[in-house]
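Same order as they appear, the protein sequences are chains A and B.
Residues 1 to 217 (UniProt numbering) make up the first sequence, in order.
Residues 1 to 276 (UniProt numbering) make up the second sequence, in order.
Do not rely on the hints blindly, as some may be mistaken.
Residues from chain A that keep clear of chain B, each with C-beta distances beyond 10 Å, as calculated [unchecked claim]:
id, residue
1, I15
2, K22
3, H54
4, T55
5, I66
6, S77
7, R81
8, L135
9, Y142
10, L162
11, H181
12, V185
13, K187
Below, a list of computed lysine to aspartate or glutamate pairs in the EDC-like style, where the Cα atoms sit at most 16 Å apart [claimed, not checked]:
id, chain 1, residue 1, chain 2, residue 2
14, A, K178, B, E209
15, B, K123, B, D159
16, B, K36, A, E63
17, B, K86, B, E109
18, B, K48, A, D144
19, B, K39, A, D144
20, A, K178, B, E54
21, B, K39, A, D79
22, B, K36, A, D79
23, B, K255, B, E209
24, B, K137, B, D106
25, B, K44, A, D25
26, B, K255, B, D161
27, B, K200, B, D159
28, A, K178, B, D76
Note that these hints are calculated values from the structure, not bench results.
Glycine included, C-beta positions come from ideal geometry on N, C-alpha and C.
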Amino acid sequence: MLNSLYFFFELFAFICCLYAYKKLDRNFKIFLPFLAFIVIFEFANMYDWLMWRHTNAWCYNFEGIIELTIYGWFMASLDKRRSYRKKVYMAIVAGIAITLIDIFLIQGFWTLATISIVVQNTILATLVCIYYYNLVNNSDEYLDLLSYPPFYTTIGLLFYTLTNFFYYAFFSYMLYVKNYHFYMVAKVICDIGCVFIYSLLAVSFLCFSRTKKLSLF
Amino acid sequence: MLFKDEEVILILIAGTAMLMLLGVFIVSFLLVYQRKQNKNMLEKEHLKSSFQQELLKTRMEIQEETLNYVSRELHDNVTQVLSFVKLNLGVLGKNLEETEKVKINDNRELISQSISDLRNLSKSLSFEHISAIGLVKTLEMEAERINRSGIINLLFLVDGDVYPLGEQRELVLFRIFQEALNNVLKHAEAANFKISLYYKPQMFNLTIEDDGVGFQPELLNDKSGSGLRNIINRAALIGAEAVINSTPGNGCNIKLSLNPLVQETYANGTHSNSPG
Numbered sequence: 001m002l003n004s005l006y007f008f009f010e011l012f013a014f015i016c017c018l019y020a021y022k023k024l025d026r027n028f029k030i031f032l033p034f035l036a037f038i039v040i041f042e043f044a045n046m047y048d049w050l051m052w053r054h055t056n057a058w059c060y061n062f063e064g065i066i067e068l069t070i071y072g073w074f075m076a077s078l079d080k081r082r083s084y085r086k087k088v089y090m091a092i093v094a095g096i097a098i099t100l101i102d103i104f105l106i107q108g109f110w111t112l113a114t115i116s117i118v119v120q121n122t123i124l125a126t127l128v129c130i131y132y133y134n135l136v137n138n139s140d141e142y143l144d145l146l147s148y149p150p151f152y153t154t155i156g157l158l159f160y161t162l163t164n165f166f167y168y169a170f171f172s173y174m175l176y177v178k179n180y181h182f183y184m185v186a187k188v189i190c191d192i193g194c195v196f197i198y199s200l201l202a203v204s205f206l207c208f209s210r211t212k213k214l215s216l217f
Numbered sequence: 001m002l003f004k005d006e007e008v009i010l011i012l013i014a015g016t017a018m019l020m021l022l023g024v025f026i027v028s029f030l031l032v033y034q035r036k037q038n039k040n041m042l043e044k045e046h047l048k049s050s051f052q053q054e055l056l057k058t059r060m061e062i063q064e065e066t067l068n069y070v071s072r073e074l075h076d077n078v079t080q081v082l083s084f085v086k087l088n089l090g091v092l093g094k095n096l097e098e099t100e101k102v103k104i105n106d107n108r109e110l111i112s113q114s115i116s117d118l119r120n121l122s123k124s125l126s127f128e129h130i131s132a133i134g135l136v137k138t139l140e141m142e143a144e145r146i147n148r149s150g151i152i153n154l155l156f157l158v159d160g161d162v163y164p165l166g167e168q169r170e171l172v173l174f175r176i177f178q179e180a181l182n183n184v185l186k187h188a189e190a191a192n193f194k195i196s197l198y199y200k201p202q203m204f205n206l207t208i209e210d211d212g213v214g215f216q217p218e219l220l221n222d223k224s225g226s227g228l229r230n231i232i233n234r235a236a237l238i239g240a241e242a243v244i245n246s247t248p249g250n251g252c253n254i255k256l257s258l259n260p261l262v263q264e265t266y267a268n269g270t271h272s273n274s275p276g
């Protein structure tokens with residue numbers, strides 16, 4: 001049960017997204033197909049259905065590309081400036097290019113592309129920090145952050161990328177030495193990251209449904 | 001080797017914890033900063049609205065001073081001169097033929113009517129007069145004067161037990177009525193104008209309706225519709241809420257609601273329900 005804790009959070013976020021779908025802003029609607037994919041993907045992995053040549057690292061590499069694309073696109077959609085959005089798209093393309101190079105030329109197709117995962121996390125964490133910087137500097141209207149859905153999503157994303165950063169930076173080395181303690185720590189860190197991102201995504205979806213309901217009265 | 005691995009695990013845990021702390025710091029900083037920014041923004045908005053209200057009050061005070069001056073001039077100067085002219089005509093008529101006497105008397109009557117109209121006009125302009133006789137009586141007199149002139153058919157209704165609203169409020173309500181009437185006469189091409197006062201224990205309502213050409217509701221946001229905006233601003237000044245509804249061809253309806261129990265403090269420190 002505890003082993004698949006992250007899966008329940010993913011499922012919870014998906015259900016919340018489904019529940020609040022009609023009331024979601026346009027840029028949040030992308031999370032429904034994305035979370036559906038994540039739930040199916042993790043479910044398949046729980047039963048090792050995606051094992052190919054005794055490894056499922058190859059599908060996690062591609063999942064990383066999808067995550068970078070979706071979260072990157074979402075971060076771009078939070079800014080109204082076209083020039084800034086263009087820069088974010090360029091960063092996403094660069095991240096994808098690095099990932100593909102890592103998969104096919106550096107670490108290989110059958111191994112987890114940890115270098116690219118660290119790069120992806122760095123890109124996403126940077127985008128969140130830039131978003132916060134812009135939020136502080138450019139907001140010219142009254143904003144209640146505690147009921148602002150993008151704020152929760154970005155917090156989740158920030159903590160998700162920060163928790164994963166060191167874990168993937170040491171992953172290759174620790175896998176090489178096959179340390180049991182590392183396996184435990186890795187599991188805990190991964191679960192914490194998933195809890196952050198998916199619970200806060202769920203909160204942001206619920207914020208939408210709450211806002212719309214209040215406006216009815 | 002094991003020791004080295006443990007060290008790496010420690011670095012991993014410490015590093016992750018540090019990064020998460022950094023995240024917590026960033027989010028907390030953002031929350032605190034945003035809260036302060038929101039507070040500043042609210043204070044700024046509050047100052048802006050206070051300034052606007054002060055400006056409006058000052059404008060109204062100046063307007064009242066001017067109207068009072070005009071009222072006094074009409075009453076003390078113009079009507080006095082006209083009375084003198086009427087008296088002179090009477091003296092002159094004594095030495096004339098019968099046919100000329102009739103003409104002189106006709107002129108004297110016209111002057112009497114003018115004096116009476118000017119006196120009524122002077123009363124409707126005077127703040128002191130309105131505060132002395134109250135809103136209902138002033139509106140009654142105004143309705144009578146307008147109906148007598150034949151410009152428009154004015155219907156005045158009062159419902160409920162009349163209670164004083166405070167002279168400041170009554171004056172503002174009367175000026176709102178004048179503004180609305182002025183608008184109707186200038187633009188509405190209306191045949192009928194209705195003003196109703198509803199006195200309830202917890203709420204006072206004033207409704208002004210006309211059957212004129214009406215206007216597009218967007219005009220309320222237009223800069224050219226300053227008369228309508230004045231009505232809303234003036235209502236806000238006495239703590240009332242004014243709602244203006246109109247569509248082309250359906251006349252205009254102004255509804256004003258006011259809680260008589262809530263006291264408003266004015267710029268000079270007086271209260272709306274207190275004298276002076």
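Hint numbers contradicted by this structure: Violated: hints 8, 9, 10, 11, 12, 14, 15, 16, 18, 20, 21, 22, 24, 25, 26 and 28.
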